[in-house]
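Visitor: Given two chains presented individually in distinct reference frames, assemble the corresponding complex, making use of the accompanying hints.
Protein chains in written order, with this note's numbering: chain A, 616 to 704; chain B, 11 to 215.
It should be emphasised that the hints constitute simulated quantities derived from the structure, not laboratory data.
Computed from a predicted structure; not experimentally measured.
Any given hint could be a false lead.
Stated by the list, open to error - Below, a list of computed lysine-lysine pairs in the BS3-like style, where the Cα atoms sit at most 25 Å apart:
| id | chain 1 | residue 1 | chain 2 | residue 2 |
| --- | --- | --- | --- | --- |
| 1 | A | 672 | B | 62 |
| 2 | B | 197 | B | 132 |
| 3 | B | 132 | B | 193 |
| 4 | B | 91 | B | 16 |
| 5 | B | 62 | B | 197 |
| 6 | A | 623 | B | 62 |
| 7 | B | 132 | B | 148 |
| 8 | A | 683 | B | 16 |
| 9 | A | 683 | B | 62 |
| 10 | A | 620 | A | 672 |
| 11 | A | 672 | A | 623 |
| 12 | A | 672 | A | 683 |
Residues per chain, in single letters:
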Amino acid sequence: MSNRKCRKDLLQWINAVSFAVVEAQLFLDTHPDDQEALAYFHEYSNLRNQALEEYAKYYGPLTIDTTKESCADRWSWINEPWPWQEGGC
Amino acid sequence: MWNYEKRLQYPVKISQTNPQAAQIIISQFGGPDGELAASMRYLSQRYTMPYKEVTGILTDIGTEELAHMEMICAIVYQLTKGLTPEEIKKYGFDKYYVDHTLALWPQAASGTPFTATYFQSKGDPITDLHEDLAAEQKARTTYDNILRMINDPEICDPIRFLRQREVVHYQRFGEALRITQDKLDSKNFYAFNPEFDMPKSCDCQ
Chain A
616 MSNRKCRKDL
626 LQWINAVSFA
636 VVEAQLFLDT
646 HPDDQEALAY
656 FHEYSNLRNQ
666 ALEEYAKYYG
676 PLTIDTTKES
686 CADRWSWINE
696 PWPWQEGGC
Chain B
11 MWNYEKRLQY
21 PVKISQTNPQ
31 AAQIIISQFG
41 GPDGELAASM
51 RYLSQRYTMP
61 YKEVTGILTD
71 IGTEELAHME
81 MICAIVYQLT
91 KGLTPEEIKK
101 YGFDKYYVDH
111 TLALWPQAAS
121 GTPFTATYFQ
131 SKGDPITDLH
141 EDLAAEQKAR
151 TTYDNILRMI
161 NDPEICDPIR
171 FLRQREVVHY
181 QRFGEALRIT
191 QDKLDSKNFY
201 AFNPEFDMPK
211 SCDCQ
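The following block holds chain B by itself, in its conformation from the complex (with noise of 0.2 Å):
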């Protein structure tokens, strides 16, 4: 169960919209590495996963993901907030502005739909964990290249903050497969798959 906060995780206040920049950091919203596939990817991964830790990290994780699609999305609102049509036209807003207005939509910046085929959810730890560090640093290369894009402080400020909870999450996958490892067969991790050859060990994690 879920319960909302009517704040955002780190404040975004941009003075200046600027549609262009706003095309590019609507792919961390509903892009193959944006926030909205990083939530879906932990919250659909943890029903399965057998270590009491990874689930903790993966639903807190998961949760702090959708405070981050919120940011993403205060940004991109800010940045095309009262775009006149001359401005739309002149900007390149107009492809996304005749299907959306002004509305937020998840897609990346090439205009391609979100899709859950942007993650996975394979049902075996040392999989899940890794696609997870993966998601995590890529997530991250796209802050790096939003940031090398963009020069107003008012934009990179929070856009530091998010690309900094990357390299924090990425710490935290890191223990949590640390943790899964500690439990399996050292000689062989691939042994067996807890999420599928030992389904009663999921009672007493």
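Next comes chain A alone, as it looks inside the complex (with noise of 0.2 Å):
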């Protein structure tokens, strides 16, 4: 990704990888053996750890496992809003 994606549309990209790789999860729970699904799943998994680093490096953490992309010297996994606080007050 040569140009960065301002947050909330790197945002709605995790989500929409990430409902890809819990769809074919599922799905190959049921169907281990399927190589088309395997390839999907492997497609969206890189897809969603690429962007989970990228979301991480420049808008803080969404994983316990990406906090080291955002800033090192403090901890950064209470700083950004939670995930209930985007619409309301």
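Guide: Structure (structure tokens):
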């Protein structure tokens, strides 16, 4: 990804590829030898991991395993708003 | 959003079945001071918690409690794996077996089913954190009681780990209470409820 996505677009991208990963995961649980589904899973799993690292680098970590991509000298896990705080107040 | 890690937080490897121990330990799955109630308590309280440090600790401890629930279930599973009908009758496991066979079901040692009335989500940070501190101590006492009843080192080892985590969580909740009180009126901590009387503040935590 050469030009950086804005926070909202990158989060939407993470939601999309993560949902693809979950959907493929459920399918593969009951179809473990399906080559097409395996390739689909790996493709979206890679996209998800890349996007999570990019998000952590620019906007703060969404997972505990990407906290190192964010500010290294301070604990950044609690800084960004919680996911239920996006709307409402 | 949650993801699953296919491992236990601390290993459980029990080689000798013991249905009597299982009937006691299952209380930490679905009993009044069990891990399911602990997790649901913290994960319910966190939404309206106005301070990011406290929301963070509720989220992360609430998540760790799910891992503890899995450890308790692994212990009960291994303690009852492969029991014969004769063993089930001999060790008084028949009253559980008739309804659940050897499956895991959240209940107290007395057989009382899990209920949300085991915990509170009150919507006041001082009140909820005191409940959380008490909950960790009640769970610690339960683990102490379990350890008095059981001698098998393969059971005691993971139970001691879980007991120690209660002590650590109690420490973190104590710090969360201090962080909360530092943000309140030091002359009267109850002058207002920051989860209700100042809802705008939740936007800029």
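Visitor: Next step is simple, just say for each hint if it's right about the structure.
Guide: Against the structure, the hints come out as follows:
1. In summary, the hint linking residue 672(A) to residue 62(B) is supported, as the alpha carbons are separated by about 20 Å, within the 25 Å threshold.
2. Distance restraint check for residue 197(B) and residue 132(B): the Cα-Cα separation of roughly 23 Å lies within the 25 Å cut-off, and the hinted pair is therefore satisfied.
3. With a CA separation close to 19 Å, the supplied pair residue 132(B) and residue 193(B) stays within the 25 Å bound.
4. Only pairs whose Cα atoms come within 25 Å are accepted, and residue 91(B) paired with residue 16(B) is accepted, the gap being roughly 20 Å.
5. A hinted pair counts as satisfied when its Cα atoms are at most 25 Å apart, and residue 62(B) with residue 197(B) qualifies at roughly 23 Å.
6. Of the supplied pair hints, the one linking residue 623(A) and residue 62(B) holds, its CA atoms being roughly 21 Å apart against a limit of 25 Å.
7. Proximity of residue 132(B) to residue 148(B) is assessed by CA-CA distance (about 19 Å); at most 25 Å being required, the pair is judged to hold.
8. Between residue 683(A) and residue 16(B), the direct Cα distance comes to roughly 23 Å. Compliance with the 25 Å bound is thereby established for this hinted pair.
9. Between residue 683(A) and residue 62(B) the CA atoms are separated by roughly 20 Å; this keeps the pair inside 25 Å, and the hint holds.
10. Pair hint residue 620(A) plus residue 672(A) holds up; C-alpha atoms about 12 Å apart against a cutoff of 25 Å.
11. For a cut-off of 25 Å, the pair hint linking residue 672(A) to residue 623(A) stands: about 15 Å separates their Cα positions.
12. Our distance criterion of 25 Å between C-alpha atoms is met by residue 672(A) and residue 683(A), whose separation comes to about 8 Å.
Every hint, counting from the list given before, is met by this structure.
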